[in-house]
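Chemist: This is what each chain is made of:
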Amino acid sequence: GAGVSQSPSNKVTEKGKDVELRCDPISGHTALYWYRQRLGQGLEFLIYFQGNSAPDKSGLPSDRFSAERTGESVSTLTIQRTQQEDSAVYLCASSYPTQTYEQYFGPGTRLTVT
Amino acid sequence: AQSVAQPEDQVNVAEGNPLTVKCTYSVSGNPYLFWYVQYPNRGLQFLLKYITGDNLVKGSYGFEAEFNKSQTSFHLKKPSALVSDSALYFCAVRAPTGANNLFFGTGTRLTVIP
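Keeping their order, the protein sequence lines are chains A and B. According to our numbering, the residues represented by the first sequence are 5 to 118, in order. According to our numbering, the residues represented by the second sequence are 102 to 215, in order.
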């Protein structure tokens with residue numbers, strides 16, 4: 005079936021504005037992850053959803069970052085009052101609940117804060 | 102705490118020669134280890150994983166990796182490099198219990214020279 009999709013693919017925003025990034029996981033994948041990839045760096049874990057359990061928010065860098073997930077489908081990552089250091093590629097991944105170690109990644113959203 | 106180190110930012114190899122991309126890890130307990138590849142303008146793709154069993158694991162596109170517990174390494178290898186293997190390679194680790202997210206290295210850019 006279709007892979008993980010993310011939208012928009014690119015987003016340019018002004019400092020101080022709010023942005024919403026969307027992720028559509030693979031159908032049947034109840035686990036969903038958000039990561040951030042800054043230029044020249046590895047991926048940083050942000051947040052993890054598993055079914056109806058409380059999300060693991062331990063990677064969110066500040067209270068300006070939040071994420072929601074509707075059931076076992078679409079997730080949105082919201083960044084409020086964006087700062088220039090938020091500029092990065094935001095990657096979403098999903099996996100089966102019993103194979104959370106094998107994650108399938110979307111193409112990412114490149115966020116540029118000017 | 103879990104961590105991954107990829108000591109080489111860049112690896113250059115001639116087409117047809119064997120290639121090695123290095124990775125060392127730190128994790129409590131037995132690790133789950135992964136390699137992902139990122140082609141330009143595309144999301145991360147899963148290459149292979151080590152969970153348990155044989156220390157030599159085989160993955161996609163002819164790649165393999167060797168788990169060495171005493172050296173805490175998980176180097177990626179291929180006997181004969183192709184120009185199309187040129188990409189960014191990420192090593193990742195996860196503890197067998199606890200958090201489900203992956204910890205990624207900073208990536209190694211592989212360039213295969215025709």
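Hints are supplied without guarantee of correctness; some may be wrong.
Simulated DEER-style distance windows between Cβ atoms [to be verified]:
(1) LEU189/B / GLU89/A: 33 to 41 Å
(2) GLU18/A / PRO108/B: 36 to 44 Å
(3) ALA102/B / ASP22/A: 30 to 38 Å
(4) SER181/B / GLN84/A: 48 to 56 Å
Calculated directly from the structure, the hints in this document are not laboratory data. Even for Gly, the Cβ is constructed at its ideal location relative to N, Cα and C.
Chemist: Compare the structure with each hint and give your call.
Modeler: For each hint, the structure was consulted:
1. LEU189/B / GLU89/A: 33 to 41 Å: violated, 22 Å
2. GLU18/A / PRO108/B: 36 to 44 Å: holds, 39 Å
3. ALA102/B / ASP22/A: 30 to 38 Å: The hint (30 to 38 Å, Cβ to Cβ) holds, given that ALA102/B and ASP22/A are roughly 32 Å apart.
4. SER181/B / GLN84/A: 48 to 56 Å: Taking Cβ atoms as reference, SER181/B and GLN84/A lie about 50 Å apart, which means the hint holds.
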